[in-house]
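A.B. asks: Here is how the chains run, residue by residue.
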Amino acid sequence: AIVLNQSPSSIIASQGEKVTITCRASSSISSNYLHWYQQKPGAFPKLVIYSTSYRASGVPSRFSGSGSGTSYSFTISRVEAEDVATYYCQQGSSNPYTFGAGTKLELK
Amino acid sequence: QVQLQQSGTELVKPASSVKISCKASGYTFTSNYMHWIRQQPGNGLEWIGWIYPGNGNTKYNQKFDGKATLTADKSSSTAYMQLSSLTSEDSAVYFCARSRYPGSGFDYWGQGVMVTVSS
Chain A
-2 AIVLNQSPSS IIASQGEKVT ITCRASSSIS SNYLHWYQQK PGAFPKLVIY
48 STSYRASGVP SRFSGSGSGT SYSFTISRVE AEDVATYYCQ QGSSNPYTFG
98 AGTKLELK
Chain B
1419 QVQLQQSGTE LVKPASSVKI SCKASGYTFT SNYMHWIRQQ PGNGLEWIGW
1469 IYPGNGNTKY NQKFDGKATL TADKSSSTAY MQLSSLTSED SAVYFCARSR
1519 YPGSGFDYWG QGVMVTVSS
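Residue numbers (this note's numbering), protein chains in the order written: chain A, -2 to 105; chain B, 1419 to 1537.
The hints are simulated quantities; they were obtained by calculation from the structure and are not laboratory data.
All C-beta atoms, glycine included, are put in the ideal place defined by N, C-alpha and C.
Check each hint, because a few of them may be wrong.
Partial list, computed: chain B residues near chain A (C-beta under 10 Å) [what the hints assert, rightly or not]:
(1) 1467
(2) 1482
(3) 1515
Here are the computed lysine-lysine pairs in the PhoX-like style, where the Cα-Cα straight-line distance is at most 25 Å [stated by the list, open to error]:
(4) B:1477 - B:1492
(5) B:1477 - A:43
(6) B:1441 - A:37
(7) B:1441 - B:1485
(8) B:1441 - A:43
(9) A:37 - A:15
Quick look at which bits of chain A chain B covers, simulated, 3 or more residues with Cβ under 8 Å [said to hold, decoys possible]:
(10) 37 to 45
(11) 68 to 79
(12) 90 to 96
Please model the entire structure based on the sequences and the hints provided.
C.D. replies: Take a look at the structure:
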């Protein structure tokens, strides 16, 4: 199985700050199959970025993604209070599809 | 609008089985993939498998072979997951989620079903 190592596991950021999460895969993944989700407490995950760099419908432009091969990143350009959540990367390149362990974003 | 409505909370006994449902609306049920994902308490997300309701084809995470069985009823646009030989390890929230293609992002999710295995 492809293991996705996400870092950091937690971030404490101020409103307006830029934050970046990295996701490193144990094997190369096609960029078409690397996605990012946001999960708020008690809720289902929400697709934020699909295929490495495409924002899902209704997602604000402060969210972005990039990467290729085994190294991917997810950035929030200016954190807002509503962004407090856990973020997961996920690969759909090979069975079993796997998720990173998550990055918990909190506000300072 | 696309909606995935899952069945309610389940409290089940060890060694028993449970079948949970996911009713789809707002899109062509038979032309998209339905996935099931597990989230154990305080833990991350695990992909269980997918079903393509158009022809009933399935693909499982080997970890859940023999544990989970995915089916779909085209007439009611409902996907099902049966979990068997339940243990406390199976206590979790189970989500259904749609994708356009097998490896594409899960763009719509159900609200989740909490399954608690306890005697």
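A.B. asks: Against the structure shown, which of the earlier numbered hints fail to hold, in ascending order?
C.D. replies: 11
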